[in-house]
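K.L.:
What follows is the residue order along each chain.
There are 2 protein chains.
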Amino acid sequence: MGLTKTEIFTFEQNQLSVLLKAIAHPARIAILQQIISANACICGDLVEELGLAQATISQHLKELKNAGIIQGAIDGVKVCYCIEPKTWKLLDQLFGDFMRSYVDPKGCC
Amino acid sequence: MGLTKTEIFTFEQNQLSVLLKAIAHPARIAILQQIISANACICGDLVEELGLAQATISQHLKELKNAGIIQGAIDGVKVCYCIEPKTWKLLDQLFGDFMRSYVDPKGCC
DNA sequence: TGATCTAATCGTATTATTGCGATATAATTA
DNA sequence: TAATTATATCGCAATAATACGATTAGATCA
Numbered sequence: 001m002g003l004t005k006t007e008i009f010t011f012e013q014n015q016l017s018v019l020l021k022a023i024a025h026p027a028r029i030a031i032l033q034q035i036i037s038a039n040a041c042i043c044g045d046l047v048e049e050l051g052l053a054q055a056t057i058s059q060h061l062k063e064l065k066n067a068g069i070i071q072g073a074i075d076g077v078k079v080c081y082c083i084e085p086k087t088w089k090l091l092d093q094l095f096g097d098f099m100r101s102y103v104d105p106k107g108c109c
Numbered sequence: 001m002g003l004t005k006t007e008i009f010t011f012e013q014n015q016l017s018v019l020l021k022a023i024a025h026p027a028r029i030a031i032l033q034q035i036i037s038a039n040a041c042i043c044g045d046l047v048e049e050l051g052l053a054q055a056t057i058s059q060h061l062k063e064l065k066n067a068g069i070i071q072g073a074i075d076g077v078k079v080c081y082c083i084e085p086k087t088w089k090l091l092d093q094l095f096g097d098f099m100r101s102y103v104d105p106k107g108c109c
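Line by line, the protein sequences give chains V and U. Residue 100 in UniProt numbering is what sits at position 100 of the first sequence, and the numbering runs on without skipping anything. Residue 70 in UniProt numbering is what sits at position 70 of the second sequence, and the numbering runs on without skipping anything.
Since the hints were derived computationally from the structure, they do not count as laboratory data. One or more hints might be untrue.
Unchecked claim - Derived SDA-like pairs: lysine to any residue, alpha-carbon spacing no greater than 25 Å straight-line:
1) V/21 with U/90
2) V/5 with U/63
3) V/5 with V/66
To be verified - Just a sample of chain U residues kept apart from chain V, beta carbon distances all over 12 Å, derived:
4) 10
5) 54
6) 68
Each residue gets a CB set at the ideal place from its N, CA and C atoms; glycine is no exception.
Can you make the complete structure from the sequences, with help from the hints?
P.N.:
Have a look at this one:
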């Protein structure tokens with residue numbers, strides 16, 4: 001049917017998948033790296049840095065914002081984006097727990 | 001156009017996004033958790049555990065396999081799936097580096 | 001106020017994803 | 001060999017995602 005059955009899964013499974021899906025795109029990874037490396041924030045510089053149209057960058061920023069991974073502050077004519085620390089920590093926690101739940105082989109198929 | 005411009009991004013950006021995209025679905029997270037908790041491997045048990053059709057589970061397994069996150073070994077009539085340790089480590093490394101590149105606020109917008 | 005600059009949104013074309021019934025494949029058992 | 005069991009694949013319908021030109025909205029500057 002083309003519709004994910006979210007009601008079947010746990011809150012945490014859905015929560016982690018939403019956060020990961022927001023990051024799981026090379027353009028959004030590049031945007032986040034740019035935001036992080038610029039220490040503070042950026043805005044339309046991203047359009048120049050990456051080779052994508054302004055509308056496309058804006059859309060990616062919106063998705064990252066919807067997922068709560070970044071936040072945008074209006075600064076005059078520009079908009080300054082930066083990481084949302086709370087969500088970043090949450091993601092680190094959720095994904096860390098998930099990854100650490102697997103402890104090596106010691107016998108498999 | 002609806003086609004991700006992979007040629008614009010670095011190998012690592014694309015690599016990480018492929019791995020994350022494979023995991024960024026609640027059903028696939030549930031499948032991985034099931035595989036991990038069963039220590040060894042599983043196969044069609046997943047169809048019973050999760051509430052999805054056999055064709056759907058098989059498709060999700062295929063995607064996880066294509067990304068290199070799991071491997072399947074034929075065991076008679078059944079197929080035994082388990083985590084691919086190398087890819088798991090790679091993901092842990094790539095994502096860990098990515099997450100750690102952000103070091104708290106100390107002044108933002 | 002009018003011009004300018006920045007960013008968001010709309011509309012649209014293209015492609016990908018999700019889910020499942022039906023069918024095919026492959027190994028095992030009777 | 002025929003029946004059974006376990007998976008994979010095909011085909012399809014519905015929905016989501018990607019990208020971008022064009023337009024809109026909002027703030028700043030002359």
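K.L.:
Check the structure against each numbered hint from earlier and tell me which ones fail, lowest number first.
P.N.:
4
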